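Chain by chain, the residues:
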Amino acid sequence: MNFARTFLIYFTIAFMMVLPVHAKDMVLKEPPKSLDQFYPPHSKQPKWTQQMHKLSNHFGGVFINLKEKDFENVDKHADKLVEEYKKTSEMVPEWEEYFDIKAAEAFAAAAKTHDMKKAGKASGGLGKTCGKCHAEQQVSVWTKYHWPSFHKIKVTDPSSEKEVEFDKFMKQISGSFKSMRVNFGEGQYGKAAKALRAFKSEYMELKSTCSKCHTTDDVKRFYVGGDAEKAFQGLAKELNAEKPNPGNFWKNVGLVGKTGCKNCHLTHRTYSMIKEVWEEK
Amino acid sequence: MNLSARMRNLLAAIAYFAVAGIAIAYFLINEKFEWIPESALELVREKDLLERPEAKRCADCHTAIYDSWKKSRHSISWTSKTYIEASENRSKEKCLACHIPESVKGEKPSPRMDRRDEGIYCVSCHFIDGKMNGPYDLVAPPHPTYRNPEYVRSNFCGSCHQKTFKEWQATKEEDTCQDCHMPRTRARLTQKMGLNLLHKKKWVGDHRFLHGEISEKDILMETSFQENFFNISLLNKTVPHGVPTADNGDPRLYLYIIFYNSEGEEVDRTKEILAPQQETALPFNKKVDFRYRLFDPVSRVNIELKYQPAWSKEKELVWEKTVQP
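Quick mapping for you: the protein sequence lines, in order, are chains Z and A. The end of the first sequence is residue 574 by the working numbering, with every number in the run present. The end of the second sequence is residue 919 by the working numbering, with every number in the run present.
Calculated directly from the structure, the hints in this document are not laboratory data. Honestly, I wouldn't trust all of these hints.
As the list claims (entries may be wrong) - Cβ pair distances, simulated, as ranges: (1) Z:428 to A:884: 20 to 28 Å; (2) A:739 to Z:563: 35 to 43 Å; (3) A:779 to Z:369: 18 to 26 Å; (4) Z:538 to A:825: 54 to 62 Å; (5) A:884 to Z:507: 23 to 31 Å; (6) A:825 to Z:543: 48 to 56 Å; (7) A:852 to Z:460: 41 to 49 Å; (8) Z:376 to A:739: 55 to 63 Å; (9) Z:547 to A:911: 37 to 45 Å; (10) A:858 to Z:475: 45 to 53 Å; (11) Z:460 to A:819: 25 to 33 Å; (12) A:616 to Z:507: 35 to 43 Å.
Said to hold, decoys possible - One side only, chain Z facing chain A, incomplete, derived with CB under 7 Å: (13) 416; (14) 418; (15) 501; (16) 505.
Keep in mind that this is a model prediction, so the values were computed, not measured. For every residue, glycine included, the Cβ atom is placed at its ideal position computed from N, Cα and C.
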């Protein structure tokens, strides 16, 4: 069975890579409203994704069984593929155009000749319909349905102990970060030390947000983990010293900014930006 | 013999047989249930109990346990306001497994499709392979049962309380989750008239899944002044997991430290947030040190410890102390 699985994976990957869009511009459009009904919370399960797995299993199933010369199952998968493909085409009216039922039927007919070459050739036409839609819609769908929204997450401001919006909190943390740096630059080490205290507690508060989207603690090794902890210790050491060493101070500022703020923005903010545009409408 | 005497005898005989019948039934059910033939049990089985009924159905007999469960956080794991908020109106798929489990078997469960408002209910925790699994070897006429030793082990709770379980395991303490959170009392498992008398009292675990209390005895504090610094150390002496502990919830302890000068004026204040999500919870039996720089002369420090559960925005005082240099 290992072969079959490996084959299926290769098949899926190959087929997703062979059929990209050719234009250099990528347009991200908000997915049609009618897709909502196939994703939580409107449906109990992500039905659209499940439908995709069916298509891909039957598509792959045809080739696996051709290889194994299990022709009975080749025919079964070919028929099922057409059936599910038709069903999929009716799910989201706005996307009807992406489907080519004739191409699906032509592929099924070719598969039923039990000739690998013919089937391979006929798969191109059908595969293209899958590829075109993926290229144009998949990222939008991931962003809308698989990315939770930072705009709905509240963070407890550790100083006032009130909940604030995530983006407001970001502005606040950015202010505390700046306040520490400016005070240090001016040689006001006492003030800088107090600003560090506020900044650090706000930064640690960010750790409480991870579990609102992630279910393992492993992710906390990044952005808010050991590297950040060490940088904060380094900052505290300088600010509590009789004569702080500016070189060490700025090195640690850079570490927080790079391995903390920047890297987290690179992984999380892109999606948040796209969602924001859609949510504003 | 006149009629009434005969009547009396007959009644006496019936009463005798009834008592003997109950006694035999009592004996069979409690002592020798393996003698009861499966075919006899088939006659009294209530088939719908094996079709994953709602918790209220179990309450027909297990009334007391139901009432307790109803008070537990488990019964509102899906309807809890704070959960709905955190899961973005329950759309985050990663969150379903432990909040609406199909069946608990010592590993992360799969989410179920039906009766979601029941949260973590009787069937989720007890119904495995067509039988009510539980801690006892017994006979329950209405439904098949199976003695499963997992029910008195922490591993069972660890199916979902995964992080807490790991913390507990690392302490090597013997008390299980159930020992502290489901303390046992001697009682009947069922309250249905008739049935309850046929079954002996047994140990029943508290299905309110008690939250646990903390006080001065549990969280110990030491302090010291040292030149320009004030040191505090806290020790979780009694609870064999982090205090607080959580999986995806965000319970917290707040430690408030206020510094006063000799005039009694506040000169500085600071706080610590002790929270599992921030990896700052107090580990079992291991001191945690905090160090504060004193910017001004200080003649008194006031320290307060407050607790806020995962499902609430309110804090309650655990203890308050004042120390002087």
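> Does the structure break any of the earlier hints, and which numbers would those be?
Replying inline: Numbers 1, 2, 3, 4, 6, 7, 8, 10, 11, 12, 13, 14 - these are the hints that the structure violates, sorted from lowest upward.
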